[in-house]
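Following the hints, complete the assembly by docking chain B onto the known chain A.
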Amino acid sequence: MKYIIAILLAACTLQVISTVHAEEQRIAIVTGARSGIMSISAKEVRRVYLGASVVLNGIEIKPLLNQSDKLAGEVFLQKVLFMSADAYERQLISRSFQGGSRPKVFENITDLLAALRNDDAAITFMLHETAINIPGIRIIGDL
Amino acid sequence: MSALIKAKHFFSSYTGRMLVGMLAIHTVLVPLVFVGVLLILQHDYQSQFINNARSQSYLLANLISENPKPDRIKSIINDQLLAGQVMLAGFKSIDAPATDDFSEDFFFGQGGDKIYHIIVPVLGQNDQPIGKLRVGFDETPVEEHIKQTYRWGVLVGLGFIVVSLFFVFFFGHLLTRSLRQLRDAARRIANGNINERLVISTNINEVHDMAVAMEHMRSRLVFREREVALHAARQSAVLDTADEGIITLDEQCLIQSLNPAAENIFGYRQEELIGTPFSHLLIPSEIERFISPRGQPIPLSHQELTGLRKSGEKFFLLLSISEGNVSNTRFFTVMAQDNSERHTFERELEYLATHDNLTGLPNRTLLYDRLQQAITQCARAKKLAALLFIDLDRFKIINDTLGHAAGDIVLKEVAERLRGCLREGDSVARNGGDEFTVVLPMLNDSSDAAVIAQKVLATLLQPFILANQKFSIGGSIGISLYPSDGGDADGLLKNADAAMYQAKTSGGNSYRFHTASVQGTTSS
Numbered sequence: 004m005k006y007i008i009a010i011l012l013a014a015c016t017l018q019v020i021s022t023v024h025a026e027e028q029r030i031a032i033v034t035g036a037r038s039g040i041m042s043i044s045a046k047e048v049r050r051v052y053l054g055a056s057v058v059l060n061g062i063e064i065k066p067l068l069n070q071s072d073k074l075a076g077e078v079f080l081q082k083v084l085f086m087s088a089d090a091y092e093r094q095l096i097s098r099s100f101q102g103g104s105r106p107k108v109f110e111n112i113t114d115l116l117a118a119l120r121n122d123d124a125a126i127t128f129m130l131h132e133t134a135i136n137i138p139g140i141r142i143i144g145d146l
Numbered sequence: 017m018s019a020l021i022k023a024k025h026f027f028s029s030y031t032g033r034m035l036v037g038m039l040a041i042h043t044v045l046v047p048l049v050f051v052g053v054l055l056i057l058q059h060d061y062q063s064q065f066i067n068n069a070r071s072q073s074y075l076l077a078n079l080i081s082e083n084p085k086p087d088r089i090k091s092i093i094n095d096q097l098l099a100g101q102v103m104l105a106g107f108k109s110i111d112a113p114a115t116d117d118f119s120e121d122f123f124f125g126q127g128g129d130k131i132y133h134i135i136v137p138v139l140g141q142n143d144q145p146i147g148k149l150r151v152g153f154d155e156t157p158v159e160e161h162i163k164q165t166y167r168w169g170v171l172v173g174l175g176f177i178v179v180s181l182f183f184v185f186f187f188g189h190l191l192t193r194s195l196r197q198l199r200d201a202a203r204r205i206a207n208g209n210i211n212e213r214l215v216i217s218t219n220i221n222e223v224h225d226m227a228v229a230m231e232h233m234r235s236r237l238v239f240r241e242r243e244v245a246l247h248a249a250r251q252s253a254v255l256d257t258a259d260e261g262i263i264t265l266d267e268q269c270l271i272q273s274l275n276p277a278a279e280n281i282f283g284y285r286q287e288e289l290i291g292t293p294f295s296h297l298l299i300p301s302e303i304e305r306f307i308s309p310r311g312q313p314i315p316l317s318h319q320e321l322t323g324l325r326k327s328g329e330k331f332f333l334l335l336s337i338s339e340g341n342v343s344n345t346r347f348f349t350v351m352a353q354d355n356s357e358r359h360t361f362e363r364e365l366e367y368l369a370t371h372d373n374l375t376g377l378p379n380r381t382l383l384y385d386r387l388q389q390a391i392t393q394c395a396r397a398k399k400l401a402a403l404l405f406i407d408l409d410r411f412k413i414i415n416d417t418l419g420h421a422a423g424d425i426v427l428k429e430v431a432e433r434l435r436g437c438l439r440e441g442d443s444v445a446r447n448g449g450d451e452f453t454v455v456l457p458m459l460n461d462s463s464d465a466a467v468i469a470q471k472v473l474a475t476l477l478q479p480f481i482l483a484n485q486k487f488s489i490g491g492s493i494g495i496s497l498y499p500s501d502g503g504d505a506d507g508l509l510k511n512a513d514a515a516m517y518q519a520k521t522s523g524g525n526s527y528r529f530h531t532a533s534v535q536g537t538t539s540s
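Protein sequences appear in the order of chains A and B.
Under my numbering, the first residue of the first sequence is numbered 4, with each subsequent residue one higher.
Under my numbering, the first residue of the second sequence is numbered 17, with each subsequent residue one higher.
These are computed hints drawn from the structure, not numbers from a lab.
Heads up, the beta-carbon is just placed ideally off N, CA and C, and yes, glycines get one too.
Treat the hints with caution; some may be incorrect.
[What the hints assert, rightly or not] Distance condition first, Cα-Cα at most 30 Å in a straight line; then the derived DSSO-like pairs of lysine-lysine:
{"hint": "1", "chain 1": "B", "residue 1": "90", "chain 2": "B", "residue 2": "130"}
{"hint": "2", "chain 1": "B", "residue 1": "412", "chain 2": "B", "residue 2": "330"}
{"hint": "3", "chain 1": "B", "residue 1": "398", "chain 2": "B", "residue 2": "471"}
{"hint": "4", "chain 1": "B", "residue 1": "520", "chain 2": "B", "residue 2": "510"}
{"hint": "5", "chain 1": "B", "residue 1": "428", "chain 2": "B", "residue 2": "398"}
{"hint": "6", "chain 1": "A", "residue 1": "73", "chain 2": "B", "residue 2": "399"}
{"hint": "7", "chain 1": "B", "residue 1": "510", "chain 2": "B", "residue 2": "399"}
{"hint": "8", "chain 1": "B", "residue 1": "510", "chain 2": "B", "residue 2": "398"}
{"hint": "9", "chain 1": "B", "residue 1": "520", "chain 2": "B", "residue 2": "428"}
{"hint": "10", "chain 1": "B", "residue 1": "412", "chain 2": "B", "residue 2": "398"}
{"hint": "11", "chain 1": "B", "residue 1": "428", "chain 2": "B", "residue 2": "471"}
{"hint": "12", "chain 1": "A", "residue 1": "46", "chain 2": "B", "residue 2": "471"}
{"hint": "13", "chain 1": "B", "residue 1": "471", "chain 2": "B", "residue 2": "399"}
{"hint": "14", "chain 1": "A", "residue 1": "46", "chain 2": "B", "residue 2": "108"}
{"hint": "15", "chain 1": "B", "residue 1": "471", "chain 2": "B", "residue 2": "412"}
{"hint": "16", "chain 1": "A", "residue 1": "73", "chain 2": "B", "residue 2": "163"}
{"hint": "17", "chain 1": "B", "residue 1": "108", "chain 2": "A", "residue 2": "73"}
{"hint": "18", "chain 1": "A", "residue 1": "46", "chain 2": "B", "residue 2": "85"}
[As the list claims (entries may be wrong)] Only part of the chain B face toward chain A is listed, based on derived beta-carbon distances under 8 Å:
{"hint": "19", "residue": "70"}
{"hint": "20", "residue": "120"}
{"hint": "21", "residue": "141"}
{"hint": "22", "residue": "143"}
[Claimed, not checked] Covered stretches of chain A, going by a simulated chain B footprint (3 or more residues, C-beta under 8 Å):
{"hint": "23", "region": "73 to 85"}
{"hint": "24", "region": "131 to 145"}
Looking at chain B on its own, in the form it has when it is part of the complex:
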């Protein structure tokens, strides 16, 4: 710090200002007081001088008047001249010619000749004037004395100022010590050392009160800081343990913070994402759904988008964006949830709802749907569609003798064999129990259905090995054709079921077309 800055700092302080104030007061008062005192002293010295001169002249005149002989007068005058104070003296008889060029002074310093001239009448007997005594007194000693007094006065005045300023500085420093302690304490608090108790030793009431108030403020700050820390810890714990990814964005859509769940969802570490655009976490084609043309996030609620993990894997992301404002600064909070599991679960549910749990084949519901599709497809293409209703023969025997587990194995094997018999585009479903349904779309002729039916019967006749034993079952198949046996799924199912019943009642292991085709029944 330069001397100038130090000086400026000092004169900005309480002590410095007291010093300047005292200096200003002294500059006016000290000269005024000392000049006044010196003038009084000067007047007093001059007055004493004049008094001495006048009384001494009076005594001389009286002395001369006692015996006014010339020799005696001369002797008296010479004695006075030898004494030093009287510089000149003379007696002039009343009878002497008027050659008076002797001036007279009535004030000290009058005439400027440094001599105080007095003319005193010398009275004879009967108080009649017999002459004039003229005396000149030297003013120089008094003048020197006055000058000396002035010099001392100036020195004493300056000394007084210096000593006063020293005391002002000393007491100013002493008085402001407690203030400096307060300042240092406030700095320590500002620097975070808030737990240090503020103790100021002072007997100045105002400073003591201020210290007490500051200590109260500090203790309140400590309390508030603990509350804030506790609150922040709770918030942090909530964020850290939340299942949802929570990300804050600024107005430019840059990531400001994210919680561990968000790290897990996107596969990044926090430090990799802070300050990066949030758009990096989504596929480019969906960015415009949550970022406005001005580059700011668009608040949205529970929107499903496609997220992008660090590995490049895409996933279903459920996103909510809300806007907040703290201290006039806008920010956005993103709640992100990995929706992939839900999608998988939904797919599984859908699968379970449309497929047979044991064989994995479509169930009756899905079959119905596919049959409808086949009808639509064939109607458009003016083709035939066939529905094969299959009921296993002798399955009940296996179930009853070998148990349901063996029956389940047979059903699974049947499903596999049926799959192997079908063309691409054909569908097979398990209706329930030992009933299966096959949809054959886009047939040119009913004989195409018969071919498939025969193929199915053949594969069902192949033996099943259960508990190291061979078992042979068979099947009864009812066939209905679109459009001849029905224009809708219900009609075709009903007719195929009826035809299957005919095949079953005729001994099984055969297929039957619906009524109009009964004549075409063959047996294997």
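Looking at chain A on its own, in the form it has when it is part of the complex:
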């Protein structure tokens, strides 16, 4: 039932969103300001979010899923992971069964930022225009 209600709400959201084309969106990969990770490539981001282990500057990257912004999520899926949300979910489940770990999910931006600031290995994604206005984080990739 919850699922059906969620779908109905999503359908309503889509209806609103579908009225206009979005301008070309840029996705930013960010980390905490004190993090030692300086940059990351699109392929590395894709690998780490698909469950593979990526080490940069001796730090094993911990991906955080930002679900506080639905548009950012879709842009990330389209431009970085090249799959739909359902396909990504199936991929994560598949990886879980193979012994991999799922990225931690955050539905609240405050909690997400706190996690970024507290963990130097943590990275996440958000819209570029959002990221540049948030203090305490650093953009390490612009996709």
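Using the frame of chain A, we list chain B on its own:
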């Protein structure tokens, strides 16, 4: 029955209500379930489309990045366009001027142009972006597929409702069959077909239990009906064989029922009297004795009234009226008895008590009464009354020689002759044996008594024919007069008896007045 009434009847039935209930449930649940399923399917189709579009764009970008020469890029793009799903595609080098008017979609249907636009970065060696691949995927097939799914969903939903309703109707009809059997059985019982055993074949426990209970009720009814019939037959037999007429009346005094005895008493048939006023069976002057001014019967016990038969004959009717109440309805029961026979019997008894059985003449008791009346009458009128005490002469000879039967014949003949000698208003009685008494009221003179006495003596001297032989007897008469010989019956009888004795001792066939008149004795 009109269609509307039929429909109303159907929807009042168990099956109809199940049908309506199921329809109501389906009206809510089926759209909810099917819309939910269709939304999931829609989401799934769109998600698959987006996934295909994104992965295909990624593959294209990778393909281009392997050898990003313009001719090759153009060839790849043309191949994609020829395949059909990609409606528009283009590559823009990173060095190209920023004349970007190409929008991007992230959700299915975004923009409303039925094209899903994607911009994918094309990476060169060292993962550095060398340009952007812009691809537009046609959303129409997916939209058509979704619409088709919706159409099928609606059809399947409607089909589901129809089939469900059919099954509800079918099973409702099946489930209520035993109930209808029970209903029919109850109707048969109500119509009087109470002896038919109630058998319902059902495997529904509740209905089976109800059928068993109804069968038990029916058997009890049969038993009670037989008891009631037996009781009614007994009551009817009692009524039919009762000697008393039994009539029931309503509050308006109209006859409701009567038994055969009542028919016999009044001479009517039952159908002639039902519904008629009971007052028709009595003489009008006595109606108020048993009907109140409000026209209702008055309860009474053993009252004698004058009944009226169909023939118009009046008779003595002994009547009792009692009030009853059944189911808050008052009624009255009349017990009627023809009292005529009793009256006749009483008259006969009275006659026997006051008359001589052999001659039919008044006996001594009645004589005494009449003598008293004569005394009273004469005292009032200041007249004389005479008492003639007659004793037959030679009667004993007839009795002894010819027997008592001959003596009885003589006594009867004497009685007739004495009657013939008397005036109107005179009385003659037989005292017993061969003694007779004559009361002569309203005399002016004692000689009037003497005249009668002579007349009596003369008639007694007339011969009696017995066994073809003539016999002559005679009589001795003693006469006492009121008031001179006594003021009461006893005195007059005593004196007349004494005078008769004098006449007898003087040879008979003569009369004597009481002492004061002895000198006036004459002989015939």
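Verification of the hints:
1. Annotation: proposed proximity of residue 90 of chain B to residue 130 of chain B holds, straight-line Cα distance about 24 Å (limit 30 Å).
2. Between the alpha carbons of residue 412 of chain B and residue 330 of chain B the distance comes to roughly 49 Å, so the proposed pair goes past 30 Å and is violated.
3. Only pairs whose Cα atoms come within 30 Å are accepted, and residue 398 of chain B paired with residue 471 of chain B is accepted, the gap being roughly 25 Å.
4. Distance hint between residue 520 of chain B and residue 510 of chain B is fulfilled; the C-alpha atoms sit about 15 Å from each other, no more than 30 Å.
5. With a CA separation close to 35 Å, the supplied pair residue 428 of chain B and residue 398 of chain B exceeds the 30 Å bound.
6. Proximity of residue 73 of chain A to residue 399 of chain B is assessed by CA-CA distance (about 156 Å); at most 30 Å being required, the pair is judged violated.
7. Between the alpha carbons of residue 510 of chain B and residue 399 of chain B the distance comes to roughly 21 Å, so the proposed pair stays at or under 30 Å and holds.
8. Distance check on the hinted pair: residue 510 of chain B and residue 398 of chain B sit about 22 Å apart at the alpha-carbon level, within 30 Å; holds.
9. Under the criterion of a C-alpha separation no larger than 30 Å, the hint pairing residue 520 of chain B with residue 428 of chain B is consistent with the structure, at around 22 Å.
10. This hinted pair does not check out: residue 412 of chain B and residue 398 of chain B have alpha carbons roughly 40 Å apart, beyond 30 Å.
11. Of the supplied pair hints, the one linking residue 428 of chain B and residue 471 of chain B holds, its CA atoms being roughly 18 Å apart against a limit of 30 Å.
12. Note on residue 46 of chain A and residue 471 of chain B: the hinted pairing is violated, with a Cα-Cα distance of about 182 Å set against a maximum of 30 Å.
13. Between residue 471 of chain B and residue 399 of chain B, the direct Cα distance comes to roughly 21 Å. Compliance with the 30 Å bound is thereby established for this hinted pair.
14. Distance restraint check for residue 46 of chain A and residue 108 of chain B: the Cα-Cα separation of roughly 21 Å lies within the 30 Å cut-off, and the hinted pair is therefore satisfied.
15. Proposed proximity of residue 471 of chain B and residue 412 of chain B is supported: the alpha carbons are some 23 Å apart, at most 30 Å.
16. Taking the CA atoms of residue 73 of chain A and residue 163 of chain B, the gap is about 26 Å. The hint holds against a cut of 30 Å.
17. This hinted pair checks out: residue 108 of chain B and residue 73 of chain A have alpha carbons roughly 28 Å apart, not beyond 30 Å.
18. Taking the CA atoms of residue 46 of chain A and residue 85 of chain B, the gap is about 22 Å. The hint holds against a cut of 30 Å.
19. The beta carbon of residue 70 of chain B is positioned within 8 Å of a beta carbon in chain A (closest approach about 5 Å), and the interface hint is therefore held.
20. Interface restraint check: residue 120 of chain B against chain A, minimum CB-CB distance 5 Å, threshold 8 Å, status holds.
21. Evaluation of the residue 141 of chain B hint against chain A yields a violated restraint, the C-beta minimum of about 12 Å exceeding 8 Å.
22. Given hint, residue 143 of chain B at the interface with chain A, holds; its Cβ is 4 Å from that chain's nearest Cβ, closer than 8 Å.
23. By the rule of at least three residues with a Cβ nearer than 8 Å to a Cβ of chain B, the coverage given for the region 73 to 85 of chain A holds, with 8 such residues.
24. Given a C-beta distance limit of less than 8 Å, the hint that chain B covers the region 131 to 145 of chain A is violated, as 0 residues qualify and 3 are needed.
When each numbered hint is compared with the structure, violations occur for hints 2, 5, 6, 10, 12, 21 and 24.
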